[in-house]
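Asks: Model the placement of chain L on the given structure of chain P, informed by the hints.
Protein chains: 2
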Amino acid sequence: MLSFGILTRMAKTAITPTRSENYPEWYQQVIKSADLAESSVVRGCMVIKPWGYAIWENIQKILDGMIKDTGHKNFYCPLFVPLSFMEKEAAHVDGFAKECAVVTHHRLEATADGKLEPAGKLEEPLIIRPTSEAIIGDLYSRWIQSYRDLPLLYNQWANVVRWEMRTRLFLRTSEFLWQEGHTAHATEEEAQAETLLMLNTYVDLLENYLGMPLIHGEKTSSERFPGAVSTYTMEMMMQDKKALQGGTSHYLGQNFAKAFNIKYLSAAGKEEYVYTTSWGVTTRLIGSMVMMHSDDDGLILPPKIAPTHVVIMPLLRDDQNKDKILQYCDELLVELQSMSIKAEIDASDMRPGEKAWGWVKKGVPIRLEIGAKELEQQSVYMGRRDLPYKEKKGMSKTEFLNAANDILLEMQDNIFARALKFQQDNTVEVKSESEFYEFFNDKSTGGFTIAPWADEPASEEKMKQELKVTPRVLPHNRADDRGTCIFTGKPDAKYTVFAKSY
Amino acid sequence: MLSFGILTRMAKTAITPTRSENYPEWYQQVIKSADLAESSVVRGCMVIKPWGYAIWENIQKILDGMIKDTGHKNFYCPLFVPLSFMEKEAAHVDGFAKECAVVTHHRLEATADGKLEPAGKLEEPLIIRPTSEAIIGDLYSRWIQSYRDLPLLYNQWANVVRWEMRTRLFLRTSEFLWQEGHTAHATEEEAQAETLLMLNTYVDLLENYLGMPLIHGEKTSSERFPGAVSTYTMEMMMQDKKALQGGTSHYLGQNFAKAFNIKYLSAAGKEEYVYTTSWGVTTRLIGSMVMMHSDDDGLILPPKIAPTHVVIMPLLRDDQNKDKILQYCDELLVELQSMSIKAEIDASDMRPGEKAWGWVKKGVPIRLEIGAKELEQQSVYMGRRDLPYKEKKGMSKTEFLNAANDILLEMQDNIFARALKFQQDNTVEVKSESEFYEFFNDKSTGGFTIAPWADEPASEEKMKQELKVTPRVLPHNRADDRGTCIFTGKPDAKYTVFAKSY
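Which chain is which? The protein sequence lines are P and L, in order. Add 97 to the 1-based position in the first sequence for the numbering used here, that's all there is to it. Add 97 to the 1-based position in the second sequence for the numbering used here, that's all there is to it.
Only chain P is shown next, with the shape it has when bound in the complex (with noise of 0.2 Å):
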């Protein structure tokens, strides 16, 4: 019966409803099979589960050496603004104003009926951080006195809050966790050239690591940070076809050190407002990476950022070899690990079928079935997460040992082709409006598409309002190439990627 149960499952799918039958839902599904976080009673906020959280410490791993191999530093500043300094970059407000979470008292008192109340009015409200330029901006505009204090480069780890309405697990929620770096430079050439190196940075993160091909560019006008002069930006290609950005990189020119009076004294001694850039990854990287990755049996991780490598599950069915092959799994661990392959022993008391599962669900590249007759062959029973369930393969240690690394490579590279190769096969270059909007309104193709455009507000408000698309990127590898604008005709317009997106 217990093999059939399994069978049944394997013939249905293991997420319920599958990507073809309910994308959303399947999405929130993945989320929860894999047990990697859920919503809070506080409204848009999440509780991020063990399992979502050791892949956060493992992007933070990665991504913080590179931050720091680029001369960055870390600190840390405080999580409250307050309301003035908010105030002070004229667009920067305007584009947080909606979603400021605001501290105005700060104790609680007993009421005559007994319940508590907020008391303790503050005289100046204070904003809960949605990003950090404000607070940074008064700290540099002290720090920095002379060229010698120059480049300034820092970063911090942190959560921020911007109080969002539709929230979705990792995508979008109130709270978040996330990196912020904050560098000031003398010159404007230098500030552009850190805007990109951090953009580089990212995009060697989500290629190399979280095995995420994307297009990298500037943002267009209307996607601009609020008080950027440009932002640069990466934009991914889910599984439904939409667009997801996987994290932004902005020159600020010298819009905040004119706003917070951050002034050096140059060599020359002139006295000179420096140039910022602030750039930028969240929490939202896991729900990407989830979108992008998996299928309809649940989570798929790419093997550099997965907490778990490989799984040992030993089979006890009969009392007399227990200790045998539990030794023999500790020995199989302990080579592992000294192979630097993450692997975990799960000894728990659950049935064979429902134990494996649950690891595919949760993404673990390789699991290991280890019974009687592996213990008597001194073999395995390996399943990968990249095969269908059933095809599982017997081999002896030694030839699963000196083949795991390469297993994992292997495993790595092709997430990252499939999830490629998707991309470009739904990547449509068009060459009138009448062809944009047909690609866009047909339901059974969608993508991206590429396009030269003139980057003006009339069309693009239209697509919007009829097509739930807007302009994503000017793509990098792009950049030299002009055409003519094919919703006005004007000449020498920059090729434009369009979507719907997240």
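Hints were generated in silico from the structure; no laboratory data involved. Using N, Cα and C, we set each Cβ at its ideal position, and we do this for glycine too. Mixed in with the good hints, there may be bad ones.
Said to hold, decoys possible - Simulated pairs of lysine-lysine, DSBU-like, Cα-Cα distance not exceeding 30 Å: (1) L:185 - P:212; (2) L:218 - P:195; (3) P:165 - L:165; (4) P:528 - P:561; (5) L:165 - P:218.
Stated by the list, open to error - In silico contact screen, one side only, chain P against chain L (beta carbon under 7 Å); selected entries: (6) 146; (7) 171; (8) 260.
Replies: Leaving out everything else, chain L in the frame of chain P:
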């Protein structure tokens, strides 16, 4: 004139005022000179600057490893606690009501005169977590169903807010960083063992990494965490002989289980409340380390916590050798790094004396000056932070590299031994109330007293009012001793440590 300038500075001290002149102000100046942190414009908050944050990262890395090695997993819970959750455990909300930052609105709106003000009033105010027992109690009530779900061993690294009226960098700030462990167990014994396991983990961190001797044991009843059955603490003696609490581990019994309805079905099929614990250490550890180890020349860092072990300072007086000296420094850097010694080169454009004193004040264990002479002789000129500035010593590069790890270990041991001796020299066992009052009334002594005490409120209130002294801890190493209470004459009183405290 340069060398005269340095000599003058040495004859004085690098920090003004000295410890004996004004201990609290000396503490602020040590932090400022080492560039560890500064006060924020937001009342009571601090900015942790890169050198201070690097120390916190080192503490995190070590402790996080210990927390995981003892079977705990990290997760992340929301910043916000609904007011109604805070109210569920009566002692808990009483303990925190006076220091809660309260979010009441979720956006900003322009008034008629163009100013922004809070808008979008929340139906229920949200408290910024002062600690997360309440939000986690709610989660655990849903996550725990059966004995198979136990023990639940989770930890989070987070920021918390307690609105403090009198603040001091690191020691008491409105926002601070910490880790908070929250565990749930099937039995009282298991939960108590967990509470002590984590206390011992903290003892390991403080004594063996931060070089801080301490007295650990249970808190007296008045000093317990709001809602706890018992609180365990580590009390450390600062150089002004006052006590500072280094971290706490709480056994919460079934108080939170009952308040939040956290029940499990036992193996015998019976519904039972769980037993919970919580435990945390904060960025306060940095403040206590500064206060305990530093001297009148600034910060002293235990090597195991120092962001940099060795700073290499090239002396580039003559251009002719410049490249060769820098190359020699680079080689030295690589050799030290290959020995897992954290080294950096400071080739900044500063006068040599000023530069060296900068690193003294930052507490770097070993300073190397490398000029033409050292290049020629393949030697180093070494200064140690635990020796007077002038006692610098030349030695061959090989000799230095062979000795470097031993020097660092020796400094680590010396720092601990010196602090332990100070604590022991200033801890006195007293036999009577009059001896007790004499000890604390004499301004030339001060420190810790140990005496049997019946844990009763009248004597506690009196010593608090008259001496500003409080019971700090029932030391574990005297747990089996009993005596006659020196205040009440009651028999079988436990030995208690008393002190003025931070």
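Asks: Take the hints in turn and mark each one as holding or not.
Replies: Against the structure, the hints come out as follows:
{"no.": "1", "hint": "L:185 - P:212", "result": "holds (12 Å)"}
{"no.": "2", "hint": "L:218 - P:195", "result": "holds (12 Å)"}
{"no.": "3", "hint": "P:165 - L:165", "result": "holds (25 Å)"}
{"no.": "4", "hint": "P:528 - P:561", "result": "holds (19 Å)"}
{"no.": "5", "hint": "L:165 - P:218", "result": "violated (41 Å)"}
{"no.": "6", "hint": "146", "result": "holds (6 Å)"}
{"no.": "7", "hint": "171", "result": "holds (5 Å)"}
{"no.": "8", "hint": "260", "result": "holds (4 Å)"}
Hint 5 from the list above is the single one not met by this structure.
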